[in-house]
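Asker: Chains A and B are the protein sequences, given in the same order. Each step along the first sequence adds one to the number in my numbering, with nothing skipped, and position 314 is 314. Each step along the second sequence adds one to the number in my numbering, with nothing skipped, and position 176 is 516.
Misleading hints may appear alongside valid ones.
In the DSSO-like style, the derived pairs of lysine-lysine whose C-alpha atoms are separated by at most 27 Å in a straight line are [to be verified]: (1) K221/A to K385/B; (2) K397/B to K147/A; (3) K385/B to K446/B; (4) K515/B to K145/A; (5) K360/B to K147/A; (6) K360/B to K397/B; (7) K226/A to K385/B; (8) K61/A to K104/A; (9) K431/B to K147/A.
Calculated directly from the structure, the hints in this document are not laboratory data.
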Amino acid sequence: MYVLGIESTSHTFGIGVVEYCENNIRILANVNDQYVPLKGGIHPREAAIHHTRVAPEVLLKALSRAGISLEELEAIAVALGPGLGPCLRVGASLARFLASYYDKPLVPVNHAVAHIEIGKYINRFEDPVILYVSGGNTLVAIQRKGKYRVLGETLDLPLGNLLDTFVREIGLAPPYLVNGKHQIDVCAEWGRDFITLPYTVKGSDLSFSGLLTAALELVEKYRGDKERLGDICLSFRETVFNMLVEVTERALVLANKREVLLVGGVASNKILQEKLSAMTKLHNARFGSTPSEYAGDNGAMIAYTGLLLYMHGITVEPDKAFIKQRWRLDEVELPWLMNY
Amino acid sequence: MVNELLEETLGVGAEAIIFKGVFLGRDVVVKQRIPKPYRHAMFDKIFRYSRTKTEAKVLAKLYSAGLYVPALVLVDLVNYIIVMEYIQGVKLSEIINELDEEKLRKYAYTLGLQVGIMHSLNIYHGDLTLSNILVEEDKVYIIDFGLAGFSNDVEEYAIDLHLLKRNLLAIAPDKTEVFFKEFLEGYKRNYRRDYNEVIERLEEIRLRGRYVEERLKRKTSRDKYV
Numbered sequence: 001m002y003v004l005g006i007e008s009t010s011h012t013f014g015i016g017v018v019e020y021c022e023n024n025i026r027i028l029a030n031v032n033d034q035y036v037p038l039k040g041g042i043h044p045r046e047a048a049i050h051h052t053r054v055a056p057e058v059l060l061k062a063l064s065r066a067g068i069s070l071e072e073l074e075a076i077a078v079a080l081g082p083g084l085g086p087c088l089r090v091g092a093s094l095a096r097f098l099a100s101y102y103d104k105p106l107v108p109v110n111h112a113v114a115h116i117e118i119g120k121y122i123n124r125f126e127d128p129v130i131l132y133v134s135g136g137n138t139l140v141a142i143q144r145k146g147k148y149r150v151l152g153e154t155l156d157l158p159l160g161n162l163l164d165t166f167v168r169e170i171g172l173a174p175p176y177l178v179n180g181k182h183q184i185d186v187c188a189e190w191g192r193d194f195i196t197l198p199y200t201v202k203g204s205d206l207s208f209s210g211l212l213t214a215a216l217e218l219v220e221k222y223r224g225d226k227e228r229l230g231d232i233c234l235s236f237r238e239t240v241f242n243m244l245v246e247v248t249e250r251a252l253v254l255a256n257k258r259e260v261l262l263v264g265g266v267a268s269n270k271i272l273q274e275k276l277s278a279m280t281k282l283h284n285a286r287f288g289s290t291p292s293e294y295a296g297d298n299g300a301m302i303a304y305t306g307l308l309l310y311m312h313g314i315t316v317e318p319d320k321a322f323i324k325q326r327w328r329l330d331e332v333e334l335p336w337l338m339n340y
Numbered sequence: 341m342v343n344e345l346l347e348e349t350l351g352v353g354a355e356a357i358i359f360k361g362v363f364l365g366r367d368v369v370v371k372q373r374i375p376k377p378y379r380h381a382m383f384d385k386i387f388r389y390s391r392t393k394t395e396a397k398v399l400a401k402l403y404s405a406g407l408y409v410p411a412l413v414l415v416d417l418v419n420y421i422i423v424m425e426y427i428q429g430v431k432l433s434e435i436i437n438e439l440d441e442e443k444l445r446k447y448a449y450t451l452g453l454q455v456g457i458m459h460s461l462n463i464y465h466g467d468l469t470l471s472n473i474l475v476e477e478d479k480v481y482i483i484d485f486g487l488a489g490f491s492n493d494v495e496e497y498a499i500d501l502h503l504l505k506r507n508l509l510a511i512a513p514d515k516t517e518v519f520f521k522e523f524l525e526g527y528k529r530n531y532r533r534d535y536n537e538v539i540e541r542l543e544e545i546r547l548r549g550r551y552v553e554e555r556l557k558r559k560t561s562r563d564k565y566v
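For reference, chain B alone in the conformation it holds in the complex:
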């Protein structure tokens, strides 16, 4: 049914094919998770099923909580398809380096507010990078919840922030500090649990990377107990 309405292929992602189409008169995005030849056949099905299902659940919950995410239109768990609202906007990754400071701060703060609410709903994004953030005038949308999930573990929230920061450093190193600081202001305002706990965990995650010199220089176990 959906196939007849497809207008164009928006892209072949790593995991899914994305089409643009029209559904009941509205512009929609159709995301179909395709089988992968490198996966064990049974695993392939389990994998696509669970990813599609979680993504749909997350989208529905976030949208009904009033966040700027695509509205969920339809889920087809037999064909691993999600149909969602089409969002007109540009990827933050494409324009971040051209933004003036005021705009940059505004987007960062707004994003922080959104992520704060998301984490307060026990939802993590799992791939919070600038290519998954769309901006349109004053609105900031979060998209692609393919790696998202439900958890009340502060670790998952800190990982979201870690991924965002690392992505910022890779794409816009000289804007990272301002953006991330402003982002945290917004985040702090809406995050309902212990904000400091997330920040501490964020630092811990950074030190976990392979061969990070500071890890050894940081307090030894002796310092912890004496």
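This is chain A alone, in the form it adopts within the complex:
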């Protein structure tokens, strides 16, 4: 049985295909095309135009990689949210068309759930504490009674957005990544000294906006001093990552779990991985991250989660498959989490 998944919540248009055969799940294709802005951040309309342009090609490529035709599919899965409206509509339109034209069941997938499920699948984790960090989300969750429960989340900026905004404002980006390394890690290497910056952890919730403002003001104050800029970048990154590790550590201890899973676009950050891994060791727990192919937004995670949902009988009629720009992770009922 084959399931196709469509991802278009933000800057990435992706299509993945998974196969289910004798209790075995395999990812057959994962084709993704990312919209890269020439300047500034993601413009929702421009991203949506990009998606419509690449959609047919990505679809055909994914099918040929998987070596199957559309008729052979068992179901079509699509990420209906959360995300940017114009972008979501591209994926949703394509999915509704495919489902009605080829008469296949349509499976609604929550993008955040998909990030977590693919991470659990790759690491073979059962019941982890989840740190989900991406351009649009920053939260710590555990699974309990049929849902992912959010223990703590950002009260203002999400992590990816925070890091990107910072390096953009100080004139280092775009491009945000150089050889897979974020600009913040590049400029942090120029620094040596630590500068105290605002540190805001409230219970298990995080707030980054004051920290961003303070760091940008410091950059302005020491404009032209590269060494000092390095110190600021280093301190900024250390402060941010420490806040994240602290809340994850508290969740691990309080919920008494044995696994820590890092997912989402920023999961490919090596420094964050090292820090979390070091923390996890202290508590004799296992740490799992997600390889970059599956950490950033991708079609395979939607296809995989779509398959799980489909096997539990969750589908939606195409004329009711509305996009949900604000579809919280902890709203989604997941049958396979009932026993936690």
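Starting from the structure of chain A, add chain B where the hints point.
Answerer: Just chain B, lined up with the frame of chain A:
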């Protein structure tokens, strides 16, 4: 010096190791903030220093104001150690679901009174959850001031209430309403500044969460100005 008196390890928390010991004939808790390998070395020191210092200051101030918190016995800012009174009691999180209504109301009200005084002293707790509240017969103790601090910003007080409510919803969803209502009765009685300001801010904080539908449905800026 302290080390020789340690009897048992009470637990390894996220941030510190907690020991039980005896100091001058009294049962004490020894809380040591340990270095973390994931922190920048210089940051690690600054971090542990400031957290230990603030916690000690808060404890001393609250205890002298007559609140039910552990008495501060000793602070060692070189080794990031706080020694405080050992409190015999059970975590409210462990027994809340077995409490009868009368007891539940009583604890909630008493806690409200305490938190009201704490906020009136310009102190916030920062991690006000049911696992940080100990009860012993009729007494309600607040413990673990590791994230506490001094502030006269109503935001911090509202956050304390927000954390408590969210924790209640997670641990005892069907008792939340009664508990929180009774808690606010006590809180209102002792909070010296504008009570309504805290309640308004509390609602605002809830709506701030990511993708909360009501946020968009709430009054638009037009409603505010017209």
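Asker: Next step is simple, just say for each hint if it's right about the structure.
Answerer: Checked hints:
1. K221/A to K385/B: holds (26 Å)
2. K397/B to K147/A: violated (40 Å)
3. K385/B to K446/B: Judged against 27 Å, a Cα distance of about 42 Å means the pair is violated.
4. K515/B to K145/A: Holds. K515/B to K145/A sits at ~18 Å (cutoff 27 Å).
5. K360/B to K147/A: It is violated: about 38 Å lies between the C-alpha atoms, which goes past 27 Å.
6. K360/B to K397/B: Holds, at about 21 Å.
7. K226/A to K385/B: Judged against 27 Å, a Cα distance of about 25 Å means the pair holds.
8. K61/A to K104/A: holds (20 Å)
9. K431/B to K147/A: With Cα atoms ~26 Å apart, K431/B and K147/A stay inside 27 Å; holds.
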